[in-house]
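Participant: These protein sequences, in sequence, are chains A and B. The first sequence begins at 1 in UniProt numbering and counts up one residue at a time. The second sequence begins at 1 in UniProt numbering and counts up one residue at a time.
One or more hints might be untrue.
Said to hold, decoys possible - With a straight-line Cα cutoff of 20 Å, these simulated SDA-like cross-link-like pairs (lysine to any residue) come out: (1) A:K14 x A:P116; (2) B:K14 x A:L51; (3) A:K14 x B:G88; (4) B:K14 x A:C86; (5) B:K14 x A:Q48; (6) A:K14 x B:D6; (7) B:K14 x A:D6; (8) A:K14 x B:P18; (9) A:K14 x B:W41; (10) B:K14 x A:T33; (11) B:K14 x A:R61; (12) A:K14 x B:D19; (13) B:K14 x A:A100; (14) B:K14 x A:W41; (15) B:K14 x A:G22; (16) A:K14 x B:S73; (17) A:K14 x B:G17; (18) A:K14 x B:P7; (19) A:K14 x B:D89; (20) B:K14 x A:P116; (21) A:K14 x B:C102; (22) B:K14 x A:D19; (23) B:K14 x A:R83; (24) B:K14 x A:L21.
For the record, the hints were derived by calculation from the structure and aren't laboratory data.
Protein chains: 2
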Amino acid sequence: MTSSLDPGLASRLKRTGPDSLGLLPAVVQQHDTGEVLMLGWMDEEALQRTLTTGRATYWSRSRQEYWVKGDTSGHVQHVREVRLDCDGDTLLLRVDQVGAACHTGDHTCFDADLLPLGTGPVTP
Amino acid sequence: MTSSLDPGLASRLKRTGPDSLGLLPAVVQQHDTGEVLMLGWMDEEALQRTLTTGRATYWSRSRQEYWVKGDTSGHVQHVREVRLDCDGDTLLLRVDQVGAACHTGDHTCFDADLLPLGTGPVTP
């Protein structure tokens, strides 16, 4: 596919691969401020563990194992609410995040990289 | 994989399939209230169109075509900000949503389906 997206930006995009098959994306939001903290991935078992323990639990695509958020870092997510979207293909977790949500130490995984708007030819 | 997830809930989950390969999930948030409205999918071209036109544009996995949110419904998303996450695999759009975000007429795609917490055996 041809695209006029800036090549520097395009090279930074990591496209969804086969390791996401069979999983559901889970959007994670701080329950009181509304900040979007991160996006994780779940299978049925991760969802079941999350619902029953109240601790956000994901499937790590890179490590191919379950991970309870915060077990290593201490940056636990206490789950307040879990919602399924209209199509049944996306989850929304409203959590109380302890410490930084991002493994980089940033408060959220979206803090660092604001993309430029309006950088291409504008359709009249 | 065995899971003790409620079978009724499990049957409603639509797992990520091959039609998501090569795309990036885009979390869409109302810029002022912080509400998570929906999750869409983008390829490079959809991202480029979104950045340059300021109108949220996605790749429809079901129709296999680009769709400018609101072109049919009038429920346009004016884009205020686009962010890429720490891993480069997820986008966050902060938008000003006109009308309902969800095709069902709900305000967001997450309004209708709150899952029960604490419904299984609790680990002591």
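Participant: Are K14 (chain A) and D6 (chain B) close enough, with their CA atoms no more than 20 Å apart?
Facilitator: Violated - the C-alpha atoms of D6 (chain B) and K14 (chain A) are around 33 Å apart, more than 20 Å.
Participant: Measure nothing beyond the straight line between the CA atoms of K14 (chain A) and C102 (chain B); if it is 20 Å or shorter, mark the hint as holding.
Facilitator: Not OK: K14 (chain A) and C102 (chain B) at ~27 Å, beyond 20 Å, violated.
Participant: With a cut-off of 20 Å on the C-alpha distance, tell me whether K14 (chain A) and S73 (chain B) pass.
Facilitator: Violated, at about 31 Å.
Participant: Next pair to validate is K14 (chain B) with T33 (chain A); report whether the Cα-Cα distance is within 20 Å.
Facilitator: Violated, because 29 Å separates the two Cα atoms, which is more than 20 Å.
Participant: Checking one constraint from the list: CA of K14 (chain B) to CA of D6 (chain A), max 20 Å. Satisfied?
Facilitator: violated, 33 Å
Participant: Check the hint pairing K14 (chain A) with W41 (chain B) against an upper bound of 20 Å on the C-alpha distance.
Facilitator: holds, 13 Å
Participant: Check the hint pairing K14 (chain B) with P116 (chain A) against an upper bound of 20 Å on the C-alpha distance.
Facilitator: violated, 33 Å
Participant: Is the hinted pair K14 (chain B) and L51 (chain A) satisfied, with a Cα-Cα distance of at most 20 Å?
Facilitator: This hinted pair holds, its Cα atoms lying about 18 Å apart.
Participant: Does the alpha-carbon distance linking K14 (chain B) and A100 (chain A) stay inside the 20 Å limit?
Facilitator: violated, 30 Å
Participant: Hey, K14 (chain B) versus D19 (chain A), does the alpha-carbon distance stay inside 20 Å?
Facilitator: holds, 16 Å
Participant: With a cut-off of 20 Å on the C-alpha distance, tell me whether K14 (chain A) and G88 (chain B) pass.
Facilitator: holds, 5 Å
Participant: Tell me if the straight-line CA distance from K14 (chain B) to R61 (chain A) falls inside 20 Å.
Facilitator: Holds, at roughly 18 Å.
Hint violations for this structure: numbers 6, 7, 10, 13, 16, 18, 20 and 21, all remaining hints satisfied.
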